[in-house]
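Peer 1: Spelled out from the first residue to the last, the chains are:
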Amino acid sequence: MSILESHLAPVLVRLRALFGRQRIEDELDSELRFHLEMEIEENLRLGMSPAEARRAARLAFGGIEGVKEAHRDQRGVRWLEDLARDTRWAWRRFTRRPGATLAAIATLGLGVGATVAVYGMIRGVLFEPLPFGAGDRIVQIRQPVAARDVDDMGFSVPELDDLRSQTRSFEAIVEYHSLWFNLFNEGKPERVLTGVVTAGFFRHLGVEPAAGRLFLDSDAHHGADPVLLLSHAYFRDRFGGDPAVVGRQVEMNERLHTIVGVLPPLTRFPRADDVYMPTLACPFRNGDGWLLNRGFRALTLLGVRKVDVTMEAAQAELAELASLWRSEHGELYPVHAGHSMQATSLLERLTAQARPVLAALLATVLLVCLLACANVANLGLAQGLQRLGELRMQIALGAGRGRLIRQLVTESLLLGIAAGAVGWLLARATHGTLLRFVGRLTPRAEEIHLDLHLVFAAIGLAIVAAAAAGALPTLSLLRRRGIGSGPVGRTTDDPERSRLRDALVTAQVAFAVVLLAAAALFGRSFWKLQHVGPGFEGQNVLTMRLALDFQKYGDGADREAFYRGILEDVRSLPGVEEAALVGQLPLSGGLFTTPARIAGDERTEAELPRIDLRVASDGWFETARIRLLRGRTFQRFDRAEGETVGLLSHSAALRLFGEGTDPLDQIVTVRGLSDVRIIGLVDDVRQEGLANEPAQELYVVLAQSPPLAADLAVRSTRPEAAVLREIESVIHRRDPKQPVASVQSLEELRQEDLAPARVLSTLMGTLAGLAFLITAVGIGAVVAFAVGRRTREIGIRRALGAADLQVVRLLIQEGMGPVVVGLVLGLAFARIATPSLDRFLYRVGASDPWTHLVVALGLFVVAVLACALPARRAVGVDPLRALQAE
Amino acid sequence: MARDRTDLLQGTLDLLILRTLQLEPMHGWGISVRIRQTSGDELQIQQGSLYPALQRLERRGWIAAAWGVSENNRKAKFYALTALGREQLATERATWERFSAAVGRVLEA
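Here the protein sequences come in this chain order: P and Z. Under our numbering, the residue at position 375 of the first sequence is numbered 375, and the numbers go up by one with no gaps. Under our numbering, the residue at position 10 of the second sequence is numbered 10, and the numbers go up by one with no gaps.
Watch out, some of these pointers could steer you wrong.
To be verified - Below are the DMTMM-like pairs computed for lysine to aspartate or glutamate, each with C-alpha atoms no more than 25 Å apart in a straight line:
#, chain 1, residue 1, chain 2, residue 2
1, Z, K75, P, D601
2, Z, K77, P, E69
3, Z, K75, P, D26
Said to hold, decoys possible - Here are the computed distance ranges between Cβ atoms for each label pair:
#, chain 1, residue 1, chain 2, residue 2, range
4, Z, G68, P, I405, 40 to 46 Å
5, P, G20, Z, G68, 17 to 23 Å
6, Z, T12, P, P50, 22 to 28 Å
7, P, D73, Z, G68, 49 to 55 Å
8, Z, V103, P, L452, 55 to 61 Å
9, P, R392, Z, Q37, 41 to 47 Å
Because the hints were derived from the structure by calculation, they are not lab data. Built from N, CA and C at the ideal position, the CB exists for glycine as well.
So here's chain P without its partners, still in its complex pose (with noise of 0.2 Å):
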C-alpha cells in the first residue's frame, strides 16, 4: 500500500460511512457472522456438540448490537448520523401534533419579537457609537435653573468669549443656534431651517464632509462671501443628492450664498437645521443688540473635552466659574432660582427622554418572553405523559441520558429556528412604528437598523427560550424514579410534575396581572388626555406659518402693514367665517418668558414672577374659540397708534394680581413694551402641551407689536385644499416671495401631541392583550389535559353518584388554585412595580388600587370560564365508557 493511498483511506472511511452506510452495515454483519461460525468450528473441533458449540460461541461473543453499536462510534461521522436521526424524531413528534407545536411557535416567536424589537432599538439609540469623530468628548454646555425647571438657559456672546478665555478643559467651544430664514432655490421661496455656527463646528467634532469642503476660519472673518452647508437630508430631497450642487448658489438674506459643501448624514442635533451657515452670515449674530447684551441668551454650546481632562475636571472647572460671574454680574443671574453651569456628555442629552421609556419597554417585553416560556413549558408538562412512553422506549433502545439531552436540544433548535423566524418577521412589520415612536423621543432613532445581528439575535433567543421551556419538562420526567419501569399509560399524576405545572401556571398569572394593570394604567392616562381640554377648538381650522423677511420687513410700520393687508383679503374669501393671526400656536411650544412688573411692585427683575408674552391679531380669540371671561378681545380699531392693550389668561391673572383684585383697567409692565392696560381676561391656553399646565400668558396687539414671524389661522367649513389654493393665492399676490409653510389644522395638532401618549398605550395593550391571551390558553391547556388525564377518575366518582355540578365545581377549584395564588402574588408586585410608571401617566395614580383590583377581577373570571369549559365537557362523557378509557 503506498504512502499516498495509505493519506487518502482516512477520507475515504469517512466518505463509505457518510454515503455508503448500508453497505457498511451488511458488510458489518458478514463480518461478524463469519467471526460467529469460526468460533462454532472451533467449538465443534475441541469436541462440544453442535447446539452447545452454537450456544458457547454466542455467549462468547455478546451482545451482537452493542458491537455494531460500538463499531458504529468508531465510523467518526456518528454525530451526524444522530442529528440526522434526531431530526426525523423530532419533525414526527411535531406533525404529529400540529396544533400545540403551532401554538408553542407562535407563543415564542411573539415573545421573542417583541424583545428583539426593543432590542434593536435600545441598540441604536445607547450602544451605536455617535456620528462625531470626537465621540465621547463632545459635551454640551448648559445653564440650567433648577428651581424655574428651565434645562438651559442658554448663553449670550460676552458669556461665550468668557468661557473661551476663562477655561482650560475644553480644545473648543462652539456655539450653535438657529433661525428660520427663506431660501430661493431657482426662484422658488422656502423657509429653511438654518444652523448657524462657529466656523469650525463640524471641523472640532470631528465630522467629515459628505461632498465639498467644511468651514474655515476664513468663512468667518468680516468681509468673507457668504457660504452654506448642507445637510444630508436637504441635500437629498431638495438637490436630489447631484453632488454637482456643491459652488451653486442660492439666495438668502438679500445676498447670494456659495454652498460649499454637504455634510454626511448626522445626528440631528440641536434641531433638525436644514442647512448651516458661519456665524457672520447671520444677520442677527452681529448686531449690537447680541454682541454687547450678556442678558441676551440665544446660543447653545457644545464643548470638546480635552484628551487629558476628566469629566470630573471639567465640571469642577465650569462651576467654579458659574460662581465667578453670579458674584461679578449678580443681577443677571437668578441666584436664588438655583442657576448652575453643567457640562453633560452629547450622548446622555440626545437620550435622556427616551432612556426611561425603552427601559420600562424592555421590562415589558421581558415579561412578555417569560410569560411565553411559561407557557411553552407548562404545555409540554402537560404532554408529559404521551412524552414518557416515548422516552421509555428510547431508553430500552439504549439511549443513554446525554442522548436525551441531545435530542432535546435538537427539538429545540428546531422550534427556535421556526419560532426565530416568527419573531424576526414580527419585529420587522412593527419596526416602522416603533420608529416613529421612538423618533419623538430622541433623534438617535435615526441609528436604529434591523440588521443581520438582529436575525442571529431573534433566533439565538428563540433556541435559548425553546430549550429552557422544553427542559424543564424533560428533566422532570427524567428525575422520576423508575423511569424504565412501570406500565405505561397509568392514569394517576405524578405530584412533583403537578406541583410543577401549578407554579408556572402561578407564575404566568402573576405576570400578566401586572402586565395588564400597567397597560390599564396607560389606557386610562390616555383616555384622560385625550379629553383634556386644550382652551380652544381645534375643527376646521387651517393654519400656517407666515415668516416674513427681516430684510425687507426690517420696519415695524412694513410688517403690520402686511399682516393687515393679509387678514383682509383672506377674510374675504368665500367660505372664510374666521381669520386671525397669532405669534405661536397652541400645543407647540414656544414660550418667551419675562418678567412682568405690576404697579407697586418693587422687587429686582429677578425676583418678579414671569409670563409668556404672546402676540395675537384681532379676531384671533374667536377664531380659536377660546372663551372670553371678562372685559373684551382685540378688535380691528387697536392700532398702533393707540393705547397699548393686552389680555391675561386666567392663571396669569391668578399669578400676578391673586384672587381678590380684579385684573381689569390694571396696568402690567414688561420689558420693551410701554405699559400694557390689561382690556380683558381669557381661559387658559395648553401651550405646551396637552400634559403639561397651561401656560401663563400675557397677549398683545399684533398690530401693536408685530412680530417677524406669525401663524395664520383659518376657520371654514370648506374641503382644505381649495381654502389653501386660495390664501396661498392671495398672499403671494401682496409678496410673491413669501413661502408658506407648516400647513396643518389646529386639530391635527392636538392630535399629534397626543401619539406618543396613544403609540405607548396602543403598545403596552397590545402587549398585556397578548399576555392575557396567552395566560388564558395556557391555563385552559393544562386544566383540559389534568381532566384528560382524570377521566377515569371521573367517570368513578359520577359512577358512585357524585353529581355532574359537584365534579365541575372540584375541577374548577383545583384548576383555580394555582391561579389565586398568581393574582395575589401579581397584585403584590404591581404594587412593587407600577410606581416607577409614575412619569409616564398623566393624572393617573400608579399605585391606585381600583385599578389593580378591577384587573385581577377581570383576570379571575376569565380563569374560571377557561376552567369551566374543560370541564364541563368532561361531565358530558358517559360514566362506563370513562372507566374503561385509559
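Chain P is already provided as a structure; the job is to place chain Z on it using the hints.
Peer 2: Leaving out everything else, chain Z in the frame of chain P:
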C-alpha cells in the same frame, strides 16, 4: 459494553493488532486467535473491542481492508498494515518499551 476503555488499554490493543498484522494480512477471527495463541492464552480479545478497534485503525489509515476468501473458502474481510501503519507500529512499540522499562525501574527501586 466495552466502550469506556481507558486510553492505555485502547493503545495497547492497537499495538497488538498492528504487530499481528505486521507478519501477514489477516481477518478479524484470525487476529483474535493469533493474539490468544502468542500470548499463551493470557490475552483474549473480545469481539466487542476487536471490531471497533479495527474500524478505528482503518479510519486512521494505519490498516487497510479488502474482502477475500478465507482458508475454509468463506468470504471474509482481510486487514493489512499500510506504510503509515508500519511507521505507527514502530512508534508505538518504542513507546511501549520505554513505558514498561520505566515501570520496571519503579518496581525494582
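Peer 1: Can you list which hints this structure breaks, lowest number first?
Peer 2: Per hint list: 1, 6, 7 violated.
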